[in-house]
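Q: Residue-level listing of the chains:
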Amino acid sequence: MFSKGLKKEHYGYLFIAPFFIIFIVFGLYPIVYSFYLSLSSWDGFGSPEIIGFANYKRLIGDYMFYKALFNTLFIWVISVIPQLTVSLILAVILHEKFIKGKSLFRAIFFFPNIVTAASLGLLVGLIFSWQSGSFNELLINLGIISDPVNWPDKPYFMRLLISSILFWQYFGYSMIIYIAGLQGISRDLLEAAEIDGASKVQVFFKITLPLLKPIMIFQVITSIIGGMQIFDQPYTLTNGSGNPDNATLTSVMYLYKTAFTRYQYGYGSAIAFGLFIIIVIFSIISFVVMNRKTKGAQG
Amino acid sequence: MTQKIMPQTTLGRDAQPKSKVKTSHVFIYIFLVLLAIICIVPFYIMIIYGTHTNSEIASKFIFLPGSALVENYHSMMENVNIWRGFMNSLIISCCSTALTLYFGALNAYGFAKFKFKGNKVLFWFVLATMMVPQQLGLVGTFRIMYLLHLLDTYAALILPAAANAFAVFFVKQFIDGTIPDEIMESARVDGAGEFKTFNRIILPMLVPALAALGIFSFIGSWNNFMGPLVLLFSNDKYPLPLLVQLLQGYYGTNYGVQYLGVALSVLPIIIAFAIFSKRIIGSVAIGAVKG
Amino acid sequence: MRKRAQLSLITLLIGLAMLLSGCSLSAHGEDQKVLNIWTFTDEAKDAVKAFKKANPDIKVNLLFITNDNYVQKLISVLQAGKKVPDVFFVENTYWPQIKQIPLLQNLSKSPFNASEITDQQFQYIQDIEKDEDGNIRGLGYQGTPGAFYYRRDLTKKYLGTDDPDKVSEMISSWDKIMEIGEKVAKESNGKVHALSSYSDIDIVQAANIKQPWVVDGKLVIDQARMEEIDLTKEAREKNVEAKYESWGSAWTASMQQGTVMFYAEPTWGLPYIFESNAPKTSGKWGLANGPKAFSGGGTFMAMYSKSKHKDLAWKFMKFYTSDPTFSKDLAKTQQYFLSNKKIDSELAPELTSDFLAGQKYFDFFEKAGEEVPSAPQTKYDNDINSIWTNKLNEYLNGGFKTKAQMLKSFKTEVGHDFPEIDVND
Numbered sequence: 001m002f003s004k005g006l007k008k009e010h011y012g013y014l015f016i017a018p019f020f021i022i023f024i025v026f027g028l029y030p031i032v033y034s035f036y037l038s039l040s041s042w043d044g045f046g047s048p049e050i051i052g053f054a055n056y057k058r059l060i061g062d063y064m065f066y067k068a069l070f071n072t073l074f075i076w077v078i079s080v081i082p083q084l085t086v087s088l089i090l091a092v093i094l095h096e097k098f099i100k101g102k103s104l105f106r107a108i109f110f111f112p113n114i115v116t117a118a119s120l121g122l123l124v125g126l127i128f129s130w131q132s133g134s135f136n137e138l139l140i141n142l143g144i145i146s147d148p149v150n151w152p153d154k155p156y157f158m159r160l161l162i163s164s165i166l167f168w169q170y171f172g173y174s175m176i177i178y179i180a181g182l183q184g185i186s187r188d189l190l191e192a193a194e195i196d197g198a199s200k201v202q203v204f205f206k207i208t209l210p211l212l213k214p215i216m217i218f219q220v221i222t223s224i225i226g227g228m229q230i231f232d233q234p235y236t237l238t239n240g241s242g243n244p245d246n247a248t249l250t251s252v253m254y255l256y257k258t259a260f261t262r263y264q265y266g267y268g269s270a271i272a273f274g275l276f277i278i279i280v281i282f283s284i285i286s287f288v289v290m291n292r293k294t295k296g297a298q299g
Numbered sequence: 001m002t003q004k005i006m007p008q009t010t011l012g013r014d015a016q017p018k019s020k021v022k023t024s025h026v027f028i029y030i031f032l033v034l035l036a037i038i039c040i041v042p043f044y045i046m047i048i049y050g051t052h053t054n055s056e057i058a059s060k061f062i063f064l065p066g067s068a069l070v071e072n073y074h075s076m077m078e079n080v081n082i083w084r085g086f087m088n089s090l091i092i093s094c095c096s097t098a099l100t101l102y103f104g105a106l107n108a109y110g111f112a113k114f115k116f117k118g119n120k121v122l123f124w125f126v127l128a129t130m131m132v133p134q135q136l137g138l139v140g141t142f143r144i145m146y147l148l149h150l151l152d153t154y155a156a157l158i159l160p161a162a163a164n165a166f167a168v169f170f171v172k173q174f175i176d177g178t179i180p181d182e183i184m185e186s187a188r189v190d191g192a193g194e195f196k197t198f199n200r201i202i203l204p205m206l207v208p209a210l211a212a213l214g215i216f217s218f219i220g221s222w223n224n225f226m227g228p229l230v231l232l233f234s235n236d237k238y239p240l241p242l243l244v245q246l247l248q249g250y251y252g253t254n255y256g257v258q259y260l261g262v263a264l265s266v267l268p269i270i271i272a273f274a275i276f277s278k279r280i281i282g283s284v285a286i287g288a289v290k291g
Numbered sequence: 001m002r003k004r005a006q007l008s009l010i011t012l013l014i015g016l017a018m019l020l021s022g023c024s025l026s027a028h029g030e031d032q033k034v035l036n037i038w039t040f041t042d043e044a045k046d047a048v049k050a051f052k053k054a055n056p057d058i059k060v061n062l063l064f065i066t067n068d069n070y071v072q073k074l075i076s077v078l079q080a081g082k083k084v085p086d087v088f089f090v091e092n093t094y095w096p097q098i099k100q101i102p103l104l105q106n107l108s109k110s111p112f113n114a115s116e117i118t119d120q121q122f123q124y125i126q127d128i129e130k131d132e133d134g135n136i137r138g139l140g141y142q143g144t145p146g147a148f149y150y151r152r153d154l155t156k157k158y159l160g161t162d163d164p165d166k167v168s169e170m171i172s173s174w175d176k177i178m179e180i181g182e183k184v185a186k187e188s189n190g191k192v193h194a195l196s197s198y199s200d201i202d203i204v205q206a207a208n209i210k211q212p213w214v215v216d217g218k219l220v221i222d223q224a225r226m227e228e229i230d231l232t233k234e235a236r237e238k239n240v241e242a243k244y245e246s247w248g249s250a251w252t253a254s255m256q257q258g259t260v261m262f263y264a265e266p267t268w269g270l271p272y273i274f275e276s277n278a279p280k281t282s283g284k285w286g287l288a289n290g291p292k293a294f295s296g297g298g299t300f301m302a303m304y305s306k307s308k309h310k311d312l313a314w315k316f317m318k319f320y321t322s323d324p325t326f327s328k329d330l331a332k333t334q335q336y337f338l339s340n341k342k343i344d345s346e347l348a349p350e351l352t353s354d355f356l357a358g359q360k361y362f363d364f365f366e367k368a369g370e371e372v373p374s375a376p377q378t379k380y381d382n383d384i385n386s387i388w389t390n391k392l393n394e395y396l397n398g399g400f401k402t403k404a405q406m407l408k409s410f411k412t413e414v415g416h417d418f419p420e421i422d423v424n425d
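Chains as they are written, first to last, in the UniProt record's numbering: chain A, 1 to 299; chain B, 1 to 291; chain C, 1 to 425.
The hints are simulated quantities; they were obtained by calculation from the structure and are not laboratory data.
Heads up, a few of these hints could be off.
Computed from the model, here is a short list of chain B residues facing chain A with C-beta under 8 Å [what the hints assert, rightly or not]:
(1) 57
(2) 138
(3) 140
(4) 277
Simulated DEER-style distance windows between Cβ atoms [what the hints assert, rightly or not]:
(5) 87(B) - 226(C): 51 to 59 Å
(6) 82(C) - 214(A): 44 to 52 Å
(7) 277(A) - 188(C): 57 to 65 Å
(8) 124(B) - 277(A): 17 to 25 Å
Here are the simulated SDA-like cross-link-like pairs (lysine to any residue), alpha carbons at most 20 Å apart as the crow flies [what the hints assert, rightly or not]:
(9) 411(C) - 102(A)
(10) 8(A) - 246(B)
(11) 306(C) - 46(A)
(12) 45(C) - 246(B)
(13) 102(A) - 27(B)
(14) 191(C) - 238(C)
(15) 411(C) - 246(A)
Glycine residues also receive a C-beta, built at the ideal position from the N, C-alpha and C atoms.
Produce the complete structure using the sequences and hints provided.
A: What follows is the structure, given as structure tokens:
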């Protein structure tokens with residue numbers, strides 16, 4: 001029979017086959033098709049017209065692409081730095097034994113992560129809206145301001161607001177992952193160090209932190225990949241507009257707007273590939289940098 | 001483990017000067033409680049505001065419940081059926097999660113335990129796909145769904161879940177760490193076929209990893225906004241995130257109704273989380289250590 | 001054997017997913033006498049109900065998508081050529097873009113001969129319904145001339161009258177409005193404003209352009225738009241407008257509170273904006289003519305040129321736009337001003353509104369409708385309009401120091417988004 005003729009190791013192909021079939025159809029085909037489109041000009045009606053690398057040429061000189069990229073990076077950096085530090089501090093605190101209600105705190109901190117990002121964008125949009133947002137009304141009630149402030153019209157404020165949403169949504173998640181990493185570190189090691197007279201801070205920097213490096217690399221890289229694709233929150237927060245003055249237009253929003261509201265599918269696809277290349281570059285850079293640091297710390 | 005150690009260290013702590021411990025602890029608790037408040041306040045606002053009329057919301061700051069809950073609920077249900085959206089979300093998320101878990105595990109097992117030719121290259125290929133933004137293939141995804149007659153169907157959102165690179169990576173790490181080759185060997189000696197071995201023996205062993213992964217992918221699918229935005233047309237198939245956005249109606253904005261809609265879209269998750277939080281967090285942690 | 005069991009498990013899983021989708025696939029079978037309609041407005045529900053009553057043999061599937069995603073969905077199905085409805089509603093904002101898509105049925109042709117219907121409509125609506133070559137691509141059922149809705153209590157207090165003709169005379173130019181605005185703001189200590197927002201100026205000016213945004217591939221900024229920049233700035237600086245965001249909740253609340261004297265809105269503002277947001281102010285409102293005639297919004301029905309049920313589609317469109325019984329009923333029960341001026345003028349002498357203190361509003365709008373100019377359109381209108389209002393809004397909020405900076409930024413963005421448009425002077 002067939003199975004007898006098949007060498008044991010070749011069963012591996014059968015195991016991975018379903019995944020790859022689905023992947024080729026729903027993952028690879030769309031990407032290849034998008035690449036084909038990126039070399040063409042197409043508004044969705046009729047058939048695409050091949051125009052070579054003109055879209056990529058346009059991309060390289062496109063100030064809006066760089067602006068969107070800047071917005072995305074800005075929003076990401078402002079959110080990820082506190083996210084990764086606060087969550088580390090929390091993880092260490094909540095890993096301590098004297099804290100009461102640990103699991104309650106963990107649950108509360110993790111909680112924002114499970115809430116639909118799209119709903120969050122809407123909610124925050126409502127809270128900070130100009131003339132009827134509860135934030136302005138709170139400030140007026142407290143006597144801090146007398147007229148409502150037009151928050152949605154302030155570019156940096158809106159970027160910070162998105163960063164805050166992201167921070168708020170992800171610090172609990174990062175914390176849980178750090179805690180998991182901490183649980184992997186032997187308690188004996190830490191206690192031995194403390195008995196040797198090392199202070200808590202010393203233990204943290206000399207032992208805990210280096211041991212957490214792999215987890216940190218994991219967190220940084222996954223957050224780069226996710227962070228460069230921010231879409232839901234700014235999209236629903238600004239009702240798809242990227243206002244004010246495109247300050248909250250992220251790269252993916254720009255891609256979406258170009259392809260799906262302006263119907264420039266070719267150029268939209270080129271933006272997608274541009275973004276992909278940038279994500280790969282950032283991931284590699286951060287991987288290399290963090291790895292080198294690890295070696296330095298150990299050596 | 002941890003529980004056994006706990007008394008010892010508490011003892012150790014007690015030996016330190018009491019006052020010093022207390023002040024630093026107080027600060028830590030204040031910090032924790034503040035953060036917890038920040039986590040909860042938006043939900044409080046959302047629920048309270050959902051019970052007020054539009055003009056109340058427009059005219060003053062509110063921190064107590066109002067009386068317009070029923071009214072808001074009715075005008076919301078006139079426009080969108082939130083419970084239908086909830087069902088849609090549930091169907092899509094459950095099916096996608098099931099596919100992700102089974103095929104992710106199958107594939108991971110194939111990579112982890114069979115040294116076929118091209119194993120490494122293909123695995124790296126799978127990993128590389130994790131870096132591809134979902135939006136990259138959006139236009140192409142629309143095209144393939146059209147070719148396969150899957151536009152405006154749940155399947156368009158469910159089927160692709162079978163090829164989830166993160167799941168493969170995640171489960172393979174777990175298999176590498178916890179499942180020795182001997183288990184397979186002994187199963188083979190017993191004459192079990194490869195697939196039977198996988199389904200009967202390996203799959204149950206993967207439960208901790210799958211539970212963690214299942215939660216990730218369920219949440220991911222539940223919160224997916226872009227996919228349905230592009231692939232679904234009919235309102236009655238819309239999952240929650242899209243339905244909530246629909247509340248920003250054509251003729252003006254009713255803030256009370258919007259707040260209520262957001263609140264209701266989140267409420268089932270809040271309840272589920274309140275019940276299962278320990279388990280969920282535990283699973284995430286398990287996943288993270290292995291990953 | 002085991003492998004087969006395995007395979008069947010996989011097929012079962014996939015099959016399950018297919019099944020979930022399958023029910024929806026089979027639901028759209030090619031039955032006879034089924035008419036598929038897509039709409040973004042719930043108004044269509046009543047029309048469909050009436051249409052079904054008149055034609056019990058026709059089954060109508062009405063798909064109601066309530067927000068901005070509607071147009072995107074519509075365009076994607078048109079592009080895919082699949083699941084396209086037989087009849088679809090398009091809002092005025094998107095109509096210029098949609099009407100140039102070659103998949104819309106030319107209704108000028110026989111057997112439709114839509115001009116028989118459109119001849120009875122206001123001229124400006126007829127012009128909107130036609131494409132660049134003068135072919136009718138859609139039918140509008142709604143008449144949308146605009147008015148300056150005013151609070152009678154406020155005009156009485158500050159202007160000494162609430163008579164529509166006298167009020168119209170007092171606001172017959174922007175200069176007069178600015179004067180009133182300054183006066184009102186001063187006398188009320190900044191509590192009451194003449195206009196609700198800069199949009200009240202925008203809607204009027206945008207309806208009075210002579211040249212479209214793009215002429216022969218070049219971006220053109222019409223004189224009316226240049227005036228708009230100065231007018232809105234003046235209104236902002238002199239405290240003439242209340243700075244509300246159109247459609248925001250503070251804006252709608254102001255109708256109830258009586259902090260704004262004039263709102264420039266079209267016919268349908270009466271039921272959809274004022275009555276719905278300020279139900280307790282019935283009898284406090286009036287209609288006046290502002291500095292220029294204008295129109296706003298409107299909905300058009302188009303037919304898919306590859307539809308298998310063109311006869312049914314046409315029957316519905318014809319019913320909605322010209323059936324006298326239905327139209328009159330719609331006008332009377334829902335205060336719905338029609339595109340068909342013949343029917344409007346029949347109703348004009350009898351229809352009054354309590355909300356407007358008994359004013360003969362059909363009579364008012366029928367006269368106003370004759371004055372509405374035909375503003376030229378291009379397929380870029382919606383996109384360029386939104387860039388324009390964004391930049392204008394920013395300019396008013398102090399984001400640009402000078403008008404020149406605002407215009408420069410506007411041109412740059414148009415040129416960026418549409419490389420094929422020449423934006424240099």
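Q: Now tell me if each hint is right for this structure.
A: Against the structure, the hints come out as follows:
1. Given the 8 Å rule on beta carbons, the hint for residue 57(B) holds: about 6 Å separates it from the nearest Cβ of chain A.
2. A cut of 8 Å between beta carbons decides the hint on residue 138(B): the least distance to chain A is about 7 Å, and the hint holds.
3. The beta carbon of residue 140(B) is positioned within 8 Å of a beta carbon in chain A (closest approach about 3 Å), and the interface hint is therefore held.
4. For the restraint placing residue 277(B) at the interface with chain A, the shortest Cβ-Cβ distance is roughly 4 Å, inside the 8 Å limit, so the hint holds.
5. At roughly 53 Å, the beta-carbon separation of residue 87(B) and residue 226(C) lies within the given 51 to 59 Å, and the hint holds.
6. Checking the proposed 44 to 52 Å range against residue 82(C) and residue 214(A) shows it holds: the Cβ atoms sit about 48 Å from each other.
7. Checked against the given bound of 57 to 65 Å, the beta carbons of residue 277(A) and residue 188(C), roughly 59 Å apart, stay inside it.
8. For residue 124(B) and residue 277(A), the hinted distance range of 17 to 25 Å is satisfied, since their beta carbons lie about 18 Å from each other.
9. At roughly 57 Å between alpha-carbon atoms, residue 411(C) and residue 102(A) are farther apart than 20 Å, so this suggested pair is violated.
10. Only pairs whose Cα atoms come within 20 Å are accepted, and residue 8(A) paired with residue 246(B) is rejected, the gap being roughly 54 Å.
11. A C-alpha spacing of about 15 Å is found between residue 306(C) and residue 46(A), which places the hinted pair at or below 20 Å, so the restraint holds.
12. For a cut-off of 20 Å, the pair hint linking residue 45(C) to residue 246(B) stands: about 18 Å separates their Cα positions.
13. Note on residue 102(A) and residue 27(B): the hinted pairing holds, with a Cα-Cα distance of about 16 Å set against a maximum of 20 Å.
14. In summary, the hint linking residue 191(C) to residue 238(C) is supported, as the alpha carbons are separated by about 14 Å, within the 20 Å threshold.
15. Restraint check for residue 411(C) and residue 246(A): the C-alpha separation of about 15 Å stays at or below 20 Å, so the hint holds.
Hint violations for this structure: numbers 9, 10, all remaining hints satisfied.
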